[in-house]
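Going down the list, the sequences are from chains A and B. Every position in the first sequence, counted from 1, becomes a number in my numbering once 353 is added. Numbering follows my numbering, with no gaps: position 209 of the second sequence is 203.
Heads up, none of these hints are tricks.
As a list, the in silico DSS-like pairs of lysine-lysine whose alpha-carbon atoms are at most 30 Å apart:
no., chain 1, residue 1, chain 2, residue 2
1, B, K35, A, K520
2, B, K478, A, K523
3, B, K516, B, K497
4, B, K45, A, K544
5, A, K499, B, K541
6, B, K541, A, K545
7, B, K73, A, K520
8, B, K484, A, K523
Hints in this document: simulated from the structure, not taken from any laboratory.
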Amino acid sequence: MLDWLKNKKYPEFWNTYLQLQEEKSARYVTLSVQTTGLNPQKDVILTIGCVAVVNNELVIRDSFEIILLQYIYNHDNGFSNEFIIESKMPKSPQSEGLQKLVEYIGNATIIGHRVDFDLEIIYVGLEKMDCGKLRNEAFDLEIMFKKWKESSDDKKFTIEEIAQALKLPKNDTDSTIEEAYAMGLCFLKLKKYLRID
Amino acid sequence: MTNSLASRISEFLSFYTPFSELSAEDLYAISLSVNVLTIDKNETIFKIGDKLHDRFYVVASGLMHISLISDAEENLIDKPAVGEVFGLRPFFAKNNYATNAKAIQDSIIFAIPVFAFKPFIANNTKILDFLLQNFASSSSDSTENLGLGFTNEGGKTYETQSEIQFFQSLEYNKSPLLVHSEETVQEVAQKMSDSLVGSALIHESNLPIGIVTDVDLRSKIATGRFTITALVKKIMSSPVITVPENTSLAEAQLLMLQNNVTHLCVTSDGTDKTGIVGVISQQDLIFAQASNPGVLIKEIKRAPNAIALHKIRIKFEDFIQNSIQKKIPLSHINTIAGEVNNALIKRAIDLTILELGSAPVRFSWFSIGSQGRKEQLLFTDQNSFLVYEDVAAENNLMVKEYFLRLAKKVIAILEVVGYNATTLPYLASNPDWCKSYTEWVNQFNLWMNFPGEKSNVIATLFFDYELAFGAIEIEEQLNEVVFKNLENAKKFYAYLGAETLKKPAPFTFFKQFNVEEEGAHKNLFDIKNRAILPLVDAARLLTMSHKIKGINNTFLRFKQLAMIEPKYADIYLNAAEAFMFFSKLRTKEGLKNNSTGQYILLEELSKSDREKLRSAFAPMKELEEVIKNKFQLTYFM
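Looking at chain B on its own, in the form it has when it is part of the complex (with noise of 0.2 Å):
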């Protein structure tokens, strides 16, 4: 072996799969016929419609993303790491690349040729399955990774709309046409017409045995084979398909496809033996298609209007409401509503574009707070900042003009769909929050150089901004800034951890929920404050510590800082299911009387809630010993 590169090359590998399952021999053999690539963030080894490259690839260090294009979203389907293959169509297909893979960090990668390879799946079937498997679960045809699923934790990667459809549930005909099976067929249709209903379930004792739909009357009556005088039992479809009462969209359209019928009957438990509840037919799948997600981004992109907007959000808050009811993840819904958001936010500046003309300069709508991190259920505060290029000095003024217009009309579009814009002034409408790239960076570097001092009142929110609109390239140079200054910030993180120990405990003295004392919420609990708010600032103040980039939503912040700091893993992993619990209830409140769901009735809990509730802010005490142990807090205690 006298190449020691490839000795050191088969050396890695050979703590991966599918590489592991080979002899050392065939490993540096191998590991002689790679070719080092380096790739810089952003860009791409591979795009669809690419021709296919006669190797694939081994990531080396860095991270690269693999996504798919469906339905004008792109969808991230892998995250190949360190050690992990990627590009393996050359064996499998023929046809061009179907999916896009980019750098996310610089990365270094090893090409290995195909006709190197080959020999070695042939004669190993684990090897074989391995790549099989990864190729299935990275590749575009939704039928080659039927079954396999998608890697899921953490709701990290988005939800393909076919995902969605299996705890999207139905709304369907609850009062069916009932009908005994003596009546003669003209009776049962006239019946039909008078109700405007394409179906009649025929029934003894409320148990279905049967259904007569518009097919059958056109087959087999418009037909001549029966007269319109024959009993309706002769020509019902029977027996009739049952559903129980919380089938899913996809089940219900699995179920008429393999039954090649237009109509289910649903029954208390699902059999044929208990009582008819409703009738599922194929218009009730339409009308639950309109309200999913990847349906409503699609209207949202097509809306004329702040009305129109507003209606498709209202549609949005069901389909948020079901997937509480069904249990579905908070982290999950969060992913998706975040989606939604963003959409109908770069609807509105699109509109107001539209109407005033093109910028002047390119510029970034950010989205910070709530919908910043991706925790936006509710309609609650909208808060934002636009970020425009540098212009000469003498042009500024027009400007800024201009951008403060486009910012106006933009939340006054926001506040129309239901995003509260009066209470807080952190908002791209005020001169303050629109300024040129240079003004922001002067902004935070004081934010974070000299934190507290005189009116200098740093708005923590602001750090978990969120491209929402606009150039990319403006993020990443405040992204570049804010971690510079992360390098010496002592003073900013003692300033966040007095900040964050500073909001309002849960409990009295006594151990008992501290309510509102007085005002309108008198009696209330704050959940916002008391429980919400002090996690997200612990999360962040975590994180920024860690210069930990690029998450900004709080669960996925604290499931993070579980895998760096082992040590205090449980007390992060007890944070991110706290906040989760919290969300819920808030959420859950607010759906309930449409408000915001900051101030929760104590009394209207379960007592099994009202527990939980207790027990949930145990974490957020271990969580300030953490903060006080870290960061040396008393200059501003």
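Only chain A is shown next, with the shape it has when bound in the complex (with noise of 0.2 Å):
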């Protein structure tokens, strides 16, 4: 509210994604992301990997990958840069790569594992490009697992735990692609559970 009262410009797929909140959307996106650490201000995002749920479904077609070519911190940090060169997946700087996610995202709403930290990483760099917050609902994975389980002590679960506890077959998930569809599963399994329209 108070970027628009300073009449802060914005660029022009920000306005777009923006016009695109008025309306509320029937599509989910789950939200991985690989970080270098747990620091937003500090780490950067290596990978993204994002898929569609519509219709209680898994759209294998509407889904997104991106690889973020962190060369600043990379250098900074003395890392080569050998397993983005091995990768067949799409490469971006890191500008370019949010700006895709943001038109990818549109107006679905977020399915995250921790999304609050997902969400502020994200905030980080967009802020760099003058932007500001991702304004979609988010939901956190975790919280829903914890509401059908009725547990509400501080035990922890990883994405792996929760597919398992939902009888989910077991699959590795070493990008954050494969990552995404895993929690679309327990997205759908939830969503069911919970009964959330």
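Given two chains presented individually in distinct reference frames, assemble the corresponding complex, making use of the accompanying hints.
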């Protein structure tokens, strides 16, 4: 709101994004973010994977994956960029990648796992591009799972543990897109059990 | 290829037909259009009468059941497992789904749009053939699947009525009316009327040369085309359609339809060059169908009282006898008998509820022991228990009262039907075995966590329970309790193992059969306790230790074990065969003497049967070793 009062100039794609938020969407998007660490200010995003859920089904065509090329971070920390070269996934510099992500998500509801942190680190990136916070509604799988289990203690659950408790088959999720897929399956089940429309 | 999920899916699909026929690019394009669904156990994807979806399905994980309803029975026709396709109807038909697709386990399903796949069918006959075959074998119209057959191994699928007809034998008139060709029509008609038959065979030295039926008399004499003084050879139908002695119901039906006749002549070798043995009329076919299990089940559902049920069960005995004579695999007969027995119990409960008024809370009636395992062919003991929903403490007495009365009546009905209820204490009419859900959970917990302690003797047969009537939820909850307890049940396994090995040995020290030494069954061999039960117990123990759900049948249990433990596969398969052999001996004995078949007289067996019996005990020895190795039996030995 404050931004608007100051009459701040947003990039074009962000305005389009904001316009989209005025309508509610029946589309959900799982969000899996791989970072270098847990400090939103100092650490950076390496890869992002998403897949859409529409009408209680995962839509394979409507998925999103990207590797962010963190030249500065790698340089500062003396990391090589070998694994980036190995991967077949599309690659972008951070700002371009985040723009694509924002365009992909649109007005969908975001499904994450410990989603607050992911949103925070994305926000740090967006801020540098003169954009604001993501406005989407966001659900957290861990919270949903605990609500379904009716457990109130502080026990933490990883995606693998949630998937196992939901009797989903074990899968290696060594990339964010695969984790997004596993999260999608968990969400389909929890959505049904918690009667979310 | 930038969508790595699609690449993953195409990699998965490429292992399975028909997708293995496609190029990597095509498969990737198809995978891109996939939607992924999660289906929980017992949820359906489509039901009979649903509008066709614009896509078909592949099982990514889990297991589905495709079934159709015919004659008010739900018949399983296909069980798509991982990598298999189902729901192909949109490719081949325009009308609504004719089958139910239901998940048997929690499953993940790939949905593939028809439009994305259709182009590849046109260009690839192999794929088209595969889909057509798959569709035919899992669709409802019997004309479509005639000849393709159902998968039947292990008797897992329920037989459809038409299939039973292929081995169902016929009762027919074995002393047909024989006349000479030189007799007049009037004489022949008089003879037919005198002996109340609808046909007469014209013979020459006992070889059939023609037949005259009511129809001939009507169409050729009564119309005035021939006079009644004409010779019978002028109006007879010739040649006669001849069949061999062991013609099945289905064959006879087919021949009559093909040749448009109402009677078939039975000769010793099925040609008209050998002597006449009898005549099959259309009416015989109708009678034969009356003892068909499908028809019997319908009759059971309508039976007004216990005596009517008894009569139906006696008819079914003929069916069992015939099937055994025709060497139908015992596992098939067991499956059918299981259905018939279940229908009997259901009807007995229905009748009782009609009499007592409806139950105060939901309840489930479980068959245990041989009926629970679907191995009850003879009139053996009935075993059962009853579980009702928890009620407030102050109502418990009243509710229990109702169910005890219900159980007593049901058991009395089943006793009239023929199932013995006097010798064994495991009946739902016993207050110990007619309890609320929580009490049962406690009971199972006690059995499984503290086996063998004090008065806590486990009745192992309680673990072969099968829902006969009532709420399926109760069965599922019980399953959960049992399988949760299996997680940490070393002691329980050890107890079961010891019990298994405690059964009386079949042979004496000198390798002679161990026969009863005294009592009413002196010098008889106890095939139930010395041969069948040890195998039953071993199969139960081993399947439970593998946490295999839903298979109660001993034969199927061994088959399943052989798949899971290839190391011991030979032993398990031999044990399955041995079990079938013992059961067959027992059933034959029981049918012959109208008994439970528990004791057999070894001298009456043929020499080869006796040798077979002896060698059938070999896998039991090996099984014992397996059990000794697997479970720590020291607790209870």
